[in-house]
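Enquirer: Numbering (the numbering used here), first residue to last: 1114 to 1361.
Worth double-checking, as some hints may not be accurate.
List of simulated lysine-lysine pairs, DSS-like, C-alpha gap at most 25 Å [claimed, not checked]:
hint : residue 1 : residue 2
1    : K1281     : K1118
2    : K1150     : K1279
3    : K1281     : K1262
4    : K1150     : K1262
5    : K1262     : K1149
6    : K1118     : K1150
7    : K1149     : K1118
8    : K1209     : K1118
9    : K1281     : K1149
10   : K1150     : K1281
11   : K1149     : K1279
12   : K1279     : K1262
13   : K1279     : K1118
Just so you know, the hints here were simulated from the structure itself, not pulled from any lab data.
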Amino acid sequence: MRTLKALSALLTYPSGDLIEALPDIVNQFASDPLLKKADRLALSELITHLGDGDLFDRQEAYGLLFDRTRSLSLHLFEHVHGESRDRGQAMVDLIKLYEDGGFSPTIEELPDFLPLFLEFASTREPQEALDLIAQPAHVLTALSERLAKRQSPYQAIFQALMTLAKAKPDAAALAALRAEPDPEPDDLEALDAAWEEEMVTFGPDATSSCGVEGLGPKLRQARRPAPGLEPVPGAGPRTTIHHSGNRT
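My request is simple: use the sequences and hints to build the entire structure.
Expert: Okay, structure coming up:
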């Protein structure tokens, strides 16, 4: 799906190449019947924001928004796995999924980086791609709400993703994310507290259930305890990804 590829590009660090590609991105959104008129309008405002401003200003703003504030991290597993072993194994499984799909990333990023995940989804058949982006619906919704609170034009990307996925986020998982701290980038003490966690480990002792079916719970399950929302003992993920079959 070329629209997912375009959304992935818009969500990357602003660069000269991205600015040059903006007209093509505009044309892609205009030709996609799955996007709503409101989505196209909001995306157009983001594109205008990126194209009309000073590139260095846009780069600085991007870093403050996504790289400094944990609550707006573009790494999916930051939001869904509080236990380091779970998060590390989820990374391993996601790498395996990319490899099995013949996907070789051209950027040096962690596998759960959302633009990279969207780029992978864009290489799949349409229904499989939509099923993939529906799995972290609660994360996409939480990020959309946090960006809307800051009146950021980047909110348009998450709004469009939810339109495409047509997925209702898991209520409990979304409530847990909503309860997490959401500090502003100039609140250094709050930022330090939010980023404090155990080290991520990738160990050979962790067993893997690779493939789309194994990835589903890892993308959908919110494991980090949130203030006032302790996990129910024995509770587990209620939804899994179902593979749509081999590509032809």
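Enquirer: So which of those numbered hints doesn't the model satisfy?
Expert: none
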